[in-house]
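This note's numbering applies: residue 1 is where the sequence shown begins, and numbers increase by one.
Any given hint could turn out to be false.
[What the hints assert, rightly or not] When the alpha-carbon atoms are kept at most 25 Å apart in a straight line, the in silico SDA-like pairs for lysine to any residue are as follows:
1) Lys240 with Gly302
2) Lys122 with Gly179
3) Lys230 with Pro252
4) Lys275 with Val31
5) Lys122 with Arg75
No lab work stands behind these hints: they were computed from the structure.
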Amino acid sequence: MRKILLFVFLINTIFVLATDYFFGLGFQGLVNVNHTNGEWRISIVPVTSLSSGGIESGGLVFNVLRDRGFVLVSRLSLKPVTHVSTFHCEAIDVNTKTLEVFVADGTHGLKIYKFFGSHLYKLVQTLSVKGWVNSLAYHDNFILAGTEVDGLFLFKRNPEGFEEVQRLFPSGIDRMEGGITVHAIAASGERFFVAAGSEGTLVLEFSDGLLRVTGKLTTNYALDVAVGDKYIAVVEPQEKAVSFFDVLDLKPVASLYFDVSPVQAVIAKDWEDGKDYLLCRFNDSVSIIEVGAFQELFSMKGAFFGIVKPVYGID
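Modelling step: build the complete structure from the supplied sequences, incorporating the hints.
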């Protein structure tokens, strides 16, 4: 088992998500890890390109395929049902109420798709964004999109669709000091959390309809950020750690240290046992770790490219 060292400031209980977990294994397909009655079962769903991360919602897995767009996989049959071609799908989010799918599509900006079931869909809007769009999060009629070097872009829904209302941390020849490197974005409540490399994890909240930086989760280098019911998890590759913060007061809670550097994390719930799990990706493997006990329950070697995040009935 992977060696895990624990440094704790304060530990409280947590909650968790589902018995099926999905990991993108590149050209080898989408890996399904099923946990039932204490047993772990593994199966692979063949896909047409580089299986990466994505979103699981409403009985479907929206699996990112990078230069081939994304594919919908039935959670019940574990078979692909619909493939959507885009320029270069980097990240994806889903509004479970409206069946909208939001795609960070590299230099082709943001694409918004409307689904009318698992097989029928249409492209309803394309939003122009400066630079390479590599991350996004949707929450309550707002989309926050991140780019590699050109800052953050906030879009708001209006009767005609989404429109840009704010740009944060723009870069340029005369404004390099204002730019940031965005790696990942997560939303919770009225906050957005942005993993911004050496800047740490930025906390943004709304004020008069626009976002303001109201805090920072202090870390050495933030490569990824994930939000659960009670905790925020920040991936710190330089420290070989995943650090946890309280989702309400943003105070540090605990840090998990590994013998290799993590690159991605997702907080998931298991409705059967009522426990929280940290799904963690490394360069050579993935692990499923029980939060609270901080015990690794499952690990698998492989060159994985992403973790599918479960989303349940929230926008």
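Structure-based check of all given hints:
no.	hint	in the structure
1	Lys240 with Gly302	19 Å, holds
2	Lys122 with Gly179	35 Å, violated
3	Lys230 with Pro252	12 Å, holds
4	Lys275 with Val31	22 Å, holds
5	Lys122 with Arg75	22 Å, holds
Checked against the numbered hints given earlier, this structure breaks only hint 2.
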